[in-house]
Each structure stands twice: as C-alpha cells, then as structure tokens.
Amino acid sequence: MKNVLGIINLHENEELLKDITRQRPLAAVPFGGRFRLIDFILSNMVNSGIHTVGIIVKQQYRSLMDHLRSGKEWDLARKRDGIFLLPPPDHIHYSNSIYKGDLEHFHNQIDFLHRCSQDYVLIAASHILYNFNFSGAYRAHLESRADITVLYKEEQPRPGKFFSLATQVSVDEAGWVTDMEVSPGKIAGGKIGLEAFIMSKELLLRIIGDCVARGEFDLTKEGIIKNIRRYKIRGFRFGGYMAKISSIPDYYRANMELLQRDVWQELFKAGPIYTKVKDEAPAKYGAQAAVSNSLVSNGCVIEGQVENSLLFRGVRVRKGARIRNSIVMQKGDIGVNAELENVICDKDVIITDGKRLAGDKNYVMVIAKGMIV
Amino acid sequence: MLTNTLAKPAVPFGGKYRLIDFSLSNCCNSGMDTVGVLTQYQPLELHSYIGIGSPWDLDRNTGGVFILPPFVQARGGEWYKGTANAIYQNAGFIDQYAPRYVLVLSGDHIYKMDYSLMLQFHKENKAGATIAVIEVSWKEAGRFGIVNTLENRIVEFEEKPRNPKNNLASMGVYIFDWPVLKTFLQRDEKDPESVHDFGKNVLPAMLRDGQKMAAYRFQGYWKDVGTIRSLWEANMDLLSDKPALDLHDPGWRIYSVNPASPPHFIAPGGKVKCSLLSSGCLIYGEVENSVLFAGVEIEPGAVVRNTVVMPGARIGAGAYVEKAIIGPKAILEENCQIGSVAARTGGETEISVVGALVTIAANTAVSAGTMVNQFLSPVG
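Chains as they are written, first to last, in our numbering: chain G, 605 to 977; chain D, 3 to 382.
I should point out that these hints are in silico values taken from the structure, not numbers from a laboratory.
Among the hints, a few may not be true.
[Stated by the list, open to error] Calculated pairs, SDA-like style, for lysine to any residue (alpha carbon to alpha carbon, straight line, at most 20 angstroms):
(1) D:K184 x D:K273
(2) G:K622 x G:N912
(3) G:K923 x D:S242
(4) D:K273 x G:R928
(5) G:K923 x D:K128
(6) G:K882 x D:R255
(7) G:K882 x D:K331
(8) D:K128 x D:E160
(9) G:K880 x D:R255
(10) D:K128 x D:R255
(11) G:K951 x D:G222
(12) G:K882 x D:K273
(13) D:K275 x D:V305
(14) G:K882 x G:V905
(15) D:K273 x G:A894
(16) D:K275 x G:K622
(17) G:K873 x D:R316
(18) D:K331 x D:T351
Computed from a predicted model, the values in this text were never measured in an experiment.
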C-alpha cells in the first residue's frame with residue numbers, strides 16, 4: 605500500500621467524553637493498559653504497508669505530540685515520508701463559533717496533500733478501535749472501480765449496547781452504498797461506519813475544493829453523503845472486532861471487553877499494536893496479591909486485590925486495597941485498604957488510605973487527572 | 003567506556019531484560035555517551051539486540067555505541083586472546099576519542115552503579131587505575147578476585163585465594179588513565195607468559211610497577227551470573243518484598259528493547275503471588291515466586307513455582323513446574339512435571355533447565371536437576 609497516503613482525522617466528536625478529554629484530544633486518551641487510542645489506527649496503517657501518515661490534529665495536542673514524537677515506535681521516523689502532524693490554521697478556535705468543520709482544516713493543509721506522492725488516500729478516525737490490514741479493502745477498492753470505499757461493520761443489536769454519534773451505512777445487494785447518515789443520538793446496531801474511507805487523492809482534492817467553494821465544511825456529511833448519487837460509493841464489510849469510543853460508557857465497556865480472551869486476541873494479535881515505550885520494569889506481585897480477570901501492565905506493584913479491572917503502567921495497589929470493575933490509568937496509587945468499584949481513575953490519581961469510592965455499573969465514576977482523594 | 007562481553011550478555015534476565023542491559027543502562031544513566039562493546043562468541047543475537055543503541059540513548063551523532071568484534075588486518079587477524087588483549091586490539095578505536103579515562107566493564111553482571119561517582123573518586127585519588135570492589139561473605143570470598151587494601155590503596159591481588167585475607171571482591175569494573183593503560187597493554191602483549199587477562203596479568207603488573215591503584219567501595223546489589231544457579235538465584239532475589247536491586251526505581255531505570263505486546267492477563271481462576279510478570283502473558287494457572295518474561299502462557303491447572311520462564315514459553319494444562327529455568331519458546335505439554343515436589347518441603351534440590359525451543363511431550367516427568375536440550379517424551 606505504498607501508493608496510499610494515510611490520513612488520521614482527529615476532528616472527532618468529544619462531547620460525551622469530556623471527563624477524560626479535558627486536557628487531551630480523544631486520540632491521546634489512554635486505553636487498554638498501555639496504549640492511547642491513536643495507536644490502533646496508526647499501527648493498522650503501518651501494518652498495512654502505508655509509509656506516509658498525516659495526522660489532522662485539532663486542539664490541545666501537546667500530549668499527542670509527546671506520545672508520537674518522531675514516529676519512531678511505529679517505524680515512521682523516515683528520511684522520506686513518515687509521520688506528519690498537521691496542526692489547525694491559526695484562526696481556528698474550537699471553543700467559539702469560528703470553527704466551521706474538518707474540511708476547512710483539510711483545505712488549510714492542501715499543500716501537504718499536493719506534495720505527497722501517493723495517488724490514493726485512506727482517511728480514518730482514531731476513536732474507532734480495530735486490528736485490520738487495509739490491503740484487502742484497498743484491493744477491493746481498485747477492483748470495483750468505485751470512487752469511494754466506505755468501511756463498515758455489521759453490528760447485531762444487543763441489550764444494553766448502543767452506538768452514539770455513529771454513521772449508519774445502507775448497502776444494496778451488489779455492495780454499493782445507497783445511503784449514509786450520521787445519527788445525532790444513539791442507535792442499537794446495524795451497519796456502523798468505521799469512519800474510514802478510501803479514495804483517490806484527486807477525488808479528495810476535488811471534494812475539498814467543491815465543498816469549500818460552496819461554504820460546506822463537513823467531510824462526511826457534505827463531502828460524501830451529499831454526493832452519494834454523484835459518486836460511486838462502495839461498502840466494504842469489516843468482519844472483526846470493533847469498538848467505537850464516543851462516550852464514557854463506550855470507553856468503559858471497550859476496556860472491559862478486553863478481559864474476554866477472544867477480544868484480547870483479536871485486538872492485539874492480528875498485527876502488533878505499537879505504542880510509546882516507557883521502559884517500566886515487569887509488574888510485581890506481592891505475597892498478598894489476589895488478582896483475577898484483569899489486565900496488568902508493566903511497572904505495577906500489586907499488594908492488594910484486583911478483580912475485573914485494568915491497571916495501566918506504573919500503578920500501585922497497596923496492602924488491603926480492593927479494586928473491582930475499575931480502570932486505573934498510569935501511575936495511579938491506591939492506598940492501604942482503599943476500595944474502588946466501577947471507577948475510572950485518570951492518570952496520576954492518588955487514592956489515600958482507607959477511602960471508598962464507588963460508581964454504578966451504568967454510571968461509572970470518573971476521577972480527573974492528578975486528583976488526590 | 004568499554005564493555006567486555008566475552009561471556010553471555012544476551013541471556014534474558016529479570017522478566018524483560020538481558021544481562022547487558024544493566025551495564026548499558028548504567029552507562030546511559032551515568033551520562034556516558036561513547037561505549038564500545040567487545041564481542042566474540044555467538045555474536046549475532048547480541049549484535050542485533052544492541053543495534054544502534056537507541057534503547058539506551060546511545061544512537062548519537064558523535065560517539066554512541068560501537069560493536070567491536072575481532073577483525074582481520076593486513077597482517078592477519080586473530081581472536082581476542084583475553085580481556086586485556088581485546089582492548090589492546092582496539093586501542094586505535096579508543097585513540098580516536100583521545101580520552102583521559104577509560105572505563106572497562108563486564109557485560110554479564112547485574113547491578114546499578116553510577117560510574118560518574120567512581121570516576122570522581124578516581125580523580126580525587128589521582129590513581130592510575132581504580133577498581134570497584136564489593137564486600138562479599140567470607141565463605142564466598144574464595145570464588146572471587148580478592149583485593150587487599152591499605153586505606154583506599156590496593157596493595158595486593160589474590161585470584162580465588164584458598165585462605166582469603168580480605169573479603170573485598172573485584173567487581174570487574176575498572177577505570178584507567180588511558181595513557182597508563184595503553185603502556186601496560188603494550189607491555190602485556192609482548193609477554194609470552196601472559197594470558198592477556200586484566201585480573202590475572204595486567205592489574206598485578208601495574209601493581210608491581212608501583213602504579214597508584216585505588217579500590218572504590220561499592221555499596222549495593224551486585225551479582226555475577228556465570229552459572230545456572232547464580233542466574234536462577236539472581237532472578238529469585240528480585241522477588242523479595244524489598245529487593246536489594248529495585249527495578250521499579252524511576253531514578254535509575256534499566257532500559258531494554260521492548261516488545262510490542264499488550265498488558266498481561268490474569269484470567270478468573272488464575273493466581274499470582276510473589277512474582278514478576280511481563281507484558282503479553284496469559285495466566286490461567288497458578289504462579290508463585292516466579293519470574294515470567296513477555297508472552298508466556300500458563301494454561302489452566304498448571305502450577306509454576308520458584309521458576310524463571312523465558313519469553314514465549316508455554317506451560318500446558320495441569321503441568322507442574324518447580325525450581326526450574328524454562329528457555330525461550332519452550333513448550334511443556336499437558337501434565338508435564340519438571341522438578342520435584344520435594345523441593346517445596348525445604349530440601350535443597352538442583353535446578354532443572356529446559357532449553358530454548360524444546361518441547362516436552364504430555365505426561366513427561368523431568369526429575370530435579372536435569373538439563374533438557376531436545377524433544378522429550380515419556381518413557382515407554
């Protein structure tokens with residue numbers, strides 16, 4: 605897939621995730637014990653043989669730059685090609701109404717698109733997690749002679765599971781997309797778009813030009829959906845595991861689903877997921893450690909009880925502490941005899957000795973980064 | 003700044019490291035930016051592991067890490083004849099940097115040491131050579147090169163003495179004034195009697211010559227892991243409540259090449275106590291007092307005790323492993339038994355070893371102290 609430019613579009617709706625995106629973009633939200641959301645799509649692109657990746661970064665991207673640095677961990681620190689961070693134009697401020705849409709940002713970086721030597725682009729989002737080699741979808745795109753290929757996943761409705769802010773795709777029997785809509789609320793299932801599109805660079809440039817000229821600035825809604833009759837749009841069904849992180853319950857559930865062996869295998873084993881290396885020591889279990897059904901990262905020191913939980917790198921669980929159904933991000937320190945249930949602790953949280961904190965299974969408690977409770 | 007790696011520095015240790023990570027990380031944490039690694043036997047794995055040295059921040063524009071295997075010159079080439087000869091043959095490399103001091107290390111010792119403090123000591127004492135020493139138990143003193151001192155000054159060397167006068171052992175960490183060392187290496191090279199070893203030849207020769215030699219006392223954990231037993235013991239040392247060698251110390255991190263693998267998973271029913279576990283492990287069975295490297299799988303009902311399991315090994319359902327070292331990617335099929343249950347009752351038993359890539363067929367029993375290096379199936 606050398607001839608494909610990867611574009612990770614970080615214009616993602618963070619409205620329902622404010623508790624964990626206050627200080628970072630959604631792409632930099634920690635996930636699965638040692639990763640950040642962007643690691644998945646970035647690794648997928650690299651594992652597919654893509655050599656050039658442009659990242660359309662939106663705001664508060666310091667933590668993202670700190671994570672990606674030269675792109676070396678993804679083998680993207682190259683003399684030619686490699687990783688390109690594409691920051692927003694100076695005048696865009698997302699907190700006020702000057703922000704119009706992602707196409708304005710694409711338009712601002714049009715020189716980058718022109719300069720890249722690749723003839724095709726794969727545009728994808730960071731908040732949809734899956735492990736996938738795109739080369740099959742790329743081949744199908746070329747063979748079908750479609751203008752655009754849209755990736756989607758068929759999700760059976762399941763009780764208690766919803767998709768927020770999802771793109772729904774309708775596909776006819778021959779595999780052509782007949783309709784698409786971005787649902788403003790929750791949907792139970794159906795054909796959920798992966799927010800990943802393959803098209804020629806030429807077409808992307810045309811869409812950007814046409815839209816901006818007409819005062820339209822939303823790639824999915826105005827660039828693609830409005831043109832559904834004009835362009836030949838093909839659906840590509842993705843059959844593996846997918847998690848869409850658009851709300852705190854989504855985030856919590858996707859982390860917890862990693863405790864299922866098949867999900868763990870599918871999300872981590874098909875292709876390696878690369879991330880920034882921290883050189884933490886192996887996790888250490890003390891004599892009173894009791895850990896069950898949990899994911900534990902390097903650098904943890906565990907002397908208490910952990911059940912149905914995820915511990916990120918460098919977490920300390922002190923004697924007598926009990927953690928159930930919870931997520932503790934990097935460097936969390938859970939004090940002696942403290943108890944957590946249905947809690948998400950953001951990075952660097954300290955729970956002092958003997959404290960008890962509990963959320964509800966359907967409404968988890970989120971403790972902000974750096975808090976001392 | 004030379005790491006003398008004529009031994010087994012690529013051996014995995016401590017759940018994610020290789021022995022050489024300790025010397026290289028010490029260099030990196032001590033602020034050293036030029037390191038030569040002298041390699042000789044079976045160098046491929048070590049060379050590819052070190053690469054351009056980026057895990058230890060040694061990929062530099064000037065300096066950095068250099069791998070120095072023996073090479074052939076116009077007038078013929080030869081293997082490194084000994085530790086001192088290895089450095090003699092690379093004098094040209096060292097001269098390129100025209101250093102005042104040269105630090106000589108081993109690549110197979112486990113310790114955390116700030117070499118910059120030792121260098122400061124060397125300068126303050128205006129010594130021609132400084133040797134790092136550590137107090138060992140009197141019982142063990144006979145196994146080491148013993149350094150007899152007057153104050154800080156070295157007065158005598160004894161290689162593995164039967165009746166040691168002292169319990170200060172040389173750690174194999176030396177700082178030399180490079181011009182002084184160079185002279186003595188040249189002299190040593192011409193001596194037909196010499197085996198070209200630092201401990202046996204060069205250091206005693208310097209002492210005889212009246213060079214000022216200082217002993218730098220190191221306080222802390224240090225272990226030479228030359229044998230199976232010491233390798234196993236050093237791994238077990240990490241499991242105590244407050245280990246003498248703290249791998250979790252953020253102020254002195256040990257760097258290594260990190261695999262891209264997810265956090266390890268402890269299944270419902272899995273049990274882990276007093277152990278070190280690395281990324282990518284899947285634990286369905288029971289693990290106690292053990293060190294597990296990346297990607298190890300412990301299947302349901304398996305019990306692993308007092309054991310070191312190297313990367314990618316699989317312990318089959320119902321297997322029992324006691325006091326062993328299981329090599330990388332070894333497979334123990336269902337209901338194998340390695341080592342003896344008797345070891346649990348406190349009796350000293352030998353350590354069993356299963357080699358890399360070895361498969362032990364289902365229901366095979368391997369008695370304590372056995373080394374298995376090929377496929378093994380139950381008798382009969």
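Going through the hints against the structure:
1. Restraint check for D:K184 and D:K273: not satisfied, since their Cα atoms lie roughly 56 angstroms apart, outside the 20 angstroms limit.
2. Taking the CA atoms of G:K622 and G:N912, the gap is about 25 angstroms. The hint is violated against a cut of 20 angstroms.
3. Between G:K923 and D:S242, the direct Cα distance comes to roughly 15 angstroms. Compliance with the 20 angstroms bound is thereby established for this hinted pair.
4. Distance restraint check for D:K273 and G:R928: the Cα-Cα separation of roughly 16 angstroms lies within the 20 angstroms cut-off, and the hinted pair is therefore satisfied.
5. Pair hint G:K923 plus D:K128 does not hold up; C-alpha atoms about 50 angstroms apart against a cutoff of 20 angstroms.
6. Restraint check for G:K882 and D:R255: the C-alpha separation of about 10 angstroms stays at or below 20 angstroms, so the hint holds.
7. Among the hinted pairs, G:K882 with D:K331 is inconsistent with the structure: their alpha-carbon atoms are about 25 angstroms apart, more than 20 angstroms.
8. Taking the CA atoms of D:K128 and D:E160, the gap is near 24 angstroms; set against the 20 angstroms cutoff, the hint is violated.
9. A threshold of 20 angstroms between alpha carbons decides the hint, and for G:K880 with D:R255 the separation of about 16 angstroms falls inside it, so the pair holds.
10. Only pairs whose Cα atoms come within 20 angstroms are accepted, and D:K128 paired with D:R255 is rejected, the gap being roughly 31 angstroms.
11. Taking the CA atoms of G:K951 and D:G222, the gap is near 33 angstroms; set against the 20 angstroms cutoff, the hint is violated.
12. At most 20 angstroms may separate the alpha-carbon atoms for a hinted pair to count; G:K882 and D:K273 exceed this at roughly 26 angstroms.
13. A distance of roughly 12 angstroms separates the Cα atoms of D:K275 and D:V305; the hinted pair therefore holds under the 20 angstroms criterion.
14. The straight-line distance between the Cα atoms of G:K882 and G:V905 is roughly 16 angstroms, inside the 20 angstroms bound, and the hint therefore holds.
15. In summary, the hint linking D:K273 to G:A894 is supported, as the alpha carbons are separated by about 7 angstroms, within the 20 angstroms threshold.
16. Note on D:K275 and G:K622: the hinted pairing is violated, with a Cα-Cα distance of about 38 angstroms set against a maximum of 20 angstroms.
17. Only pairs whose Cα atoms come within 20 angstroms are accepted, and G:K873 paired with D:R316 is accepted, the gap being roughly 16 angstroms.
18. A C-alpha spacing of about 25 angstroms is found between D:K331 and D:T351, which places the hinted pair above 20 angstroms, so the restraint is violated.
Against the hints set out earlier in the document, violations occur for numbers 1, 2, 5, 7, 8, 10, 11, 12, 16 and 18.
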